[in-house]
Amino acid sequence: MAPKKVEPKKTEVKKVEAKKEEPPPPPKPAEPEPKPPEVDLKSIVVEFTPDQVEEFKDAFSLFDQTPTGEMKITYAQCGDVMRALGHNPTNNEVLKLLGRPKAEELNIKLLDFDNFLPMLQHVARSKEQGNFEDFVEGLRVFDKEGNGTVMGAELRHVLATLGEKMTEDEVDRLMAGQEDANGHINYTDALRHSRGGV
Amino acid sequence: MGCGMGKSSLQEKKCTRVSIYSVPAIRAALLIQRWYRQYVARLEMRRRCTWNIFQSIEYAGEQDQIKLYSFFGFLMDHFTPASSERNLISHIFRENEICRDTEWERYFCYKDIEVPDSYTGPHLTFPMTFCGVSKLVEAFKQKQQLHARYVLQILGETWRLLRILPNINHVSVCQTKEITICGDLHGQLEDLLLIFYKNGLPSSEKPYIFNGDFVDRGKSSLEILLILFGFLLVYPNDLHLNRGNHEDHIVNLRYGFTKEILGKYRVHGKKILKLLQKIFSWLPLATVINDKVLVVHGGISNSTDLNVVSRVDRHRYVSVLRPPKVVHQTLNGNRNEGDNGPAEGRRRVRSLTNHSSALPQRNSLPRRSLQNSSISHQLSSSVEDELKRRRRLAGFDQTYKNANGSDSDSDPDFAEAPEANGHDWKQIVNLLWSDPMPQNGCISNEVRGGGCYWGPDVTEEVLGRHNLQLLIRSHECKQDGYEFCHNRRVLTIFSASNYYEVGSNRGAYIRMGADLVPHFIQYQASRTCRDLTLRQSVGWTERSALRALREQLFVHKSDLIRAYREFDPHHTGKISMRHWASATETVLKLGLPWRVLRSQLVSRTHYGMVDYQQWIKELSITEPKLEVSDTSILETMYKNHSNLETIFRIIDTDHSGLISLEEFRQTWKLLSSHLKMEISDKAITDLAHSIDFNKDGSIDINEFMEAFRLVDLSAHG
Numbered sequence: 001m002a003p004k005k006v007e008p009k010k011t012e013v014k015k016v017e018a019k020k021e022e023p024p025p026p027p028k029p030a031e032p033e034p035k036p037p038e039v040d041l042k043s044i045v046v047e048f049t050p051d052q053v054e055e056f057k058d059a060f061s062l063f064d065q066t067p068t069g070e071m072k073i074t075y076a077q078c079g080d081v082m083r084a085l086g087h088n089p090t091n092n093e094v095l096k097l098l099g100r101p102k103a104e105e106l107n108i109k110l111l112d113f114d115n116f117l118p119m120l121q122h123v124a125r126s127k128e129q130g131n132f133e134d135f136v137e138g139l140r141v142f143d144k145e146g147n148g149t150v151m152g153a154e155l156r157h158v159l160a161t162l163g164e165k166m167t168e169d170e171v172d173r174l175m176a177g178q179e180d181a182n183g184h185i186n187y188t189d190a191l192r193h194s195r196g197g198v
Numbered sequence: 001m002g003c004g005m006g007k008s009s010l011q012e013k014k015c016t017r018v019s020i021y022s023v024p025a026i027r028a029a030l031l032i033q034r035w036y037r038q039y040v041a042r043l044e045m046r047r048r049c050t051w052n053i054f055q056s057i058e059y060a061g062e063q064d065q066i067k068l069y070s071f072f073g074f075l076m077d078h079f080t081p082a083s084s085e086r087n088l089i090s091h092i093f094r095e096n097e098i099c100r101d102t103e104w105e106r107y108f109c110y111k112d113i114e115v116p117d118s119y120t121g122p123h124l125t126f127p128m129t130f131c132g133v134s135k136l137v138e139a140f141k142q143k144q145q146l147h148a149r150y151v152l153q154i155l156g157e158t159w160r161l162l163r164i165l166p167n168i169n170h171v172s173v174c175q176t177k178e179i180t181i182c183g184d185l186h187g188q189l190e191d192l193l194l195i196f197y198k199n200g201l202p203s204s205e206k207p208y209i210f211n212g213d214f215v216d217r218g219k220s221s222l223e224i225l226l227i228l229f230g231f232l233l234v235y236p237n238d239l240h241l242n243r244g245n246h247e248d249h250i251v252n253l254r255y256g257f258t259k260e261i262l263g264k265y266r267v268h269g270k271k272i273l274k275l276l277q278k279i280f281s282w283l284p285l286a287t288v289i290n291d292k293v294l295v296v297h298g299g300i301s302n303s304t305d306l307n308v309v310s311r312v313d314r315h316r317y318v319s320v321l322r323p324p325k326v327v328h329q330t331l332n333g334n335r336n337e338g339d340n341g342p343a344e345g346r347r348r349v350r351s352l353t354n355h356s357s358a359l360p361q362r363n364s365l366p367r368r369s370l371q372n373s374s375i376s377h378q379l380s381s382s383v384e385d386e387l388k389r390r391r392r393l394a395g396f397d398q399t400y401k402n403a404n405g406s407d408s409d410s411d412p413d414f415a416e417a418p419e420a421n422g423h424d425w426k427q428i429v430n431l432l433w434s435d436p437m438p439q440n441g442c443i444s445n446e447v448r449g450g451g452c453y454w455g456p457d458v459t460e461e462v463l464g465r466h467n468l469q470l471l472i473r474s475h476e477c478k479q480d481g482y483e484f485c486h487n488r489r490v491l492t493i494f495s496a497s498n499y500y501e502v503g504s505n506r507g508a509y510i511r512m513g514a515d516l517v518p519h520f521i522q523y524q525a526s527r528t529c530r531d532l533t534l535r536q537s538v539g540w541t542e543r544s545a546l547r548a549l550r551e552q553l554f555v556h557k558s559d560l561i562r563a564y565r566e567f568d569p570h571h572t573g574k575i576s577m578r579h580w581a582s583a584t585e586t587v588l589k590l591g592l593p594w595r596v597l598r599s600q601l602v603s604r605t606h607y608g609m610v611d612y613q614q615w616i617k618e619l620s621i622t623e624p625k626l627e628v629s630d631t632s633i634l635e636t637m638y639k640n641h642s643n644l645e646t647i648f649r650i651i652d653t654d655h656s657g658l659i660s661l662e663e664f665r666q667t668w669k670l671l672s673s674h675l676k677m678e679i680s681d682k683a684i685t686d687l688a689h690s691i692d693f694n695k696d697g698s699i700d701i702n703e704f705m706e707a708f709r710l711v712d713l714s715a716h717g
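Chains as they are written, first to last, in full-length UniProt numbering: chain A, 1 to 198; chain B, 1 to 717.
Don't read these hints as lab results, they were simulated from the structure.
It cannot be assumed that every hint is accurate.
[As the list claims (entries may be wrong)] Derived coverage of chain A by chain B (criterion: at least 3 residues anywhere in the stretch with Cβ under 8 Å from a Cβ of chain B; other residues may be distant):
no., region
1, 54-65
2, 71-84
3, 168-177
Glycine included, every Cβ here is placed at the ideal spot set by N, Cα and C.
Just need the whole structure built from these sequences, with the hints factored in.
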């Protein structure tokens, strides 16, 4: 079993993909939940304003693909909806909130808005949101020459094999139109255009 | 192995790779991934929003059209033959003029049409050959226009061929012969050319099925038709055409095909349109591949019976929008729970249904057809009163017949619509207008106004009953050009790329061999958009959608202000965001997520309040090019732009593009009757006088519509 280094700042970062189930995670300073192994959704107090909740409902309904707008999304969509609303959970955090569903269940089990809201609140409170500067820092790690470029091929490999692996499709989309003739990506240029993202 | 992280051999392989990367690298990867996933999710939300805007506006337009047409049907059924106003529109119902084929042949004869020496377009010889059609394709690529003589010639030949084709084409594919299936093209010639480029031209080794909606919206509907008909003439056994809901002259009046023809062929346009009307009615309704795969434009319903379909007289249904005449006492009190009448709003596009109260009752809705639509619930209430009111509004004369004894009332020309056609008609409407839905069941398609929504259980039942394994249909635009549903038993294929806007979606076509497994080829017509990043393509489409939405908001200005004021009893000029969203939805009824859109529509809010007066003022979309004193007429004008144009074109029976002042007045009366609002004679006269009459008191329809076209003044690209 790979020993896990607990980084005091980034709590989720150390998870190397392992075949086994996660042991109970060590206590995280940023998250206020009382029980370490699972998040107790019932104990979360929702502090969003009614206006905010209405807006979340609208966004939630955009992802609702049930027949008559039952206001439910699949487990698989949960992370994306949270991200669409401006938060930034890792996939692992989302799975934890969902109660560690099996892979086959992700596209089948449904989550309604009332159960989604406390999860969103939990994620919103997390101090480890990960912002744009972090993203740039991340890229800089692969900038071997320190000149504002990274190797496209290396980035592809890294994103597809490390961390919370991305699929080939996701990587393709990320890279679309970014690599120059030598396979380099000038990330400072690219970032200038998408400063702050969406 | 020098792996600093793990000792077990299970982990070894992974560790070897991982150990090349230090912990900072892993951390960095996670940061990038995390940030990127958020970026994509937010883009996805914008994309879905944009998609819904376009679809809502599109389907609302279709529904409007059907309502208008139903209204005409209502008028036709309930007024005396003597009324002159009725004559204005009666000709559109003269669907099956009793006319022998030889008379038609004489009417459509092209022989007297001379092709001048100055003509630089392609010359055709008949019988059509592969070379001839390829020449035609080349010419259209060079943006040449085919002379009217040749157009009529091709159309004439096509008509003769189509008449001998069955309602349902049966084709077979084998090891050496794959078939290609294309969906909606909607006048987008670039897409057809791209398909031919990637896949090859049709031939006996390369059979094709085109699944309807060749025309409307795009600019080159006629060119597409001519190419398809050309190949049909050369390879009648290998080129198959299915009728779509847009192969319908009434729909064409609204969605651009009629205008395209009249614009391109000023002298012979009318004849061409008439001939196309017949051709459309003769298009086959469906194709079956190897007795296993059904290809049809819209879809099915729980009552779909291909045996019945194969026996109908398909050519009787020149316009699928018009149900056959039915004695109205059969209208049962199948009133809807108030959830669909002309006064009621449109439902949100299916996949984003409204979480309002109407919906939970959906499962209990009785199955309704277009016949029993909006008209029925007015009739089942005080019929006499309603009739009186409408007649008064439309300025019709006061005598009328009882709704129940309508037979002798009929226009002699459509007395021949027999009762039996009711069932046949439904079969056809459902094939051409229906959409699939995720839930089980079969209910009428209120969003479009025609056909039904059918569920996975209906798919299983109908396919099972006919011993089929797959249903391929089109009719709905899909982001990736194709989409499976109903457990992969239903496949939607859509071939018009960039349908809503540059970058909005890809088009696709299917290749299928003897194994009947569909393979997809996707494309996007414009070279520029292939290189667009996800963000750019979402951005362009979004800007376009927002522009369209702002137009809708603009045309409903007065209603919006009125609705906002209800939440602002003290006239502060400000309302909360929640009220803004709710009022806007009540007025526009597009079923859109207004709160999500708010940030892009309303630039400033003060402490969560929307200054609606200011905002409406900022929505400056256009300045009317004509001076009109009565601003309410102006608003009606903008709101009912398409309806008005449709009525104009219907009234303009000789397709001259001109209508008289009197006809203009009648148009407004018809419209005001349909909308159930009063427009004073004076207002109409004023409007008419403000237009520059330069041709003996007639109005040029195109010029008039142009003057009122919405131009977004606030847009900056």
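Hint check results:
| no. | hint | verdict |
| --- | --- | --- |
| 1 | 54-65 | holds (count 10) |
| 2 | 71-84 | holds (count 7) |
| 3 | 168-177 | holds (count 5) |
The structure meets every hint from the earlier list without exception.
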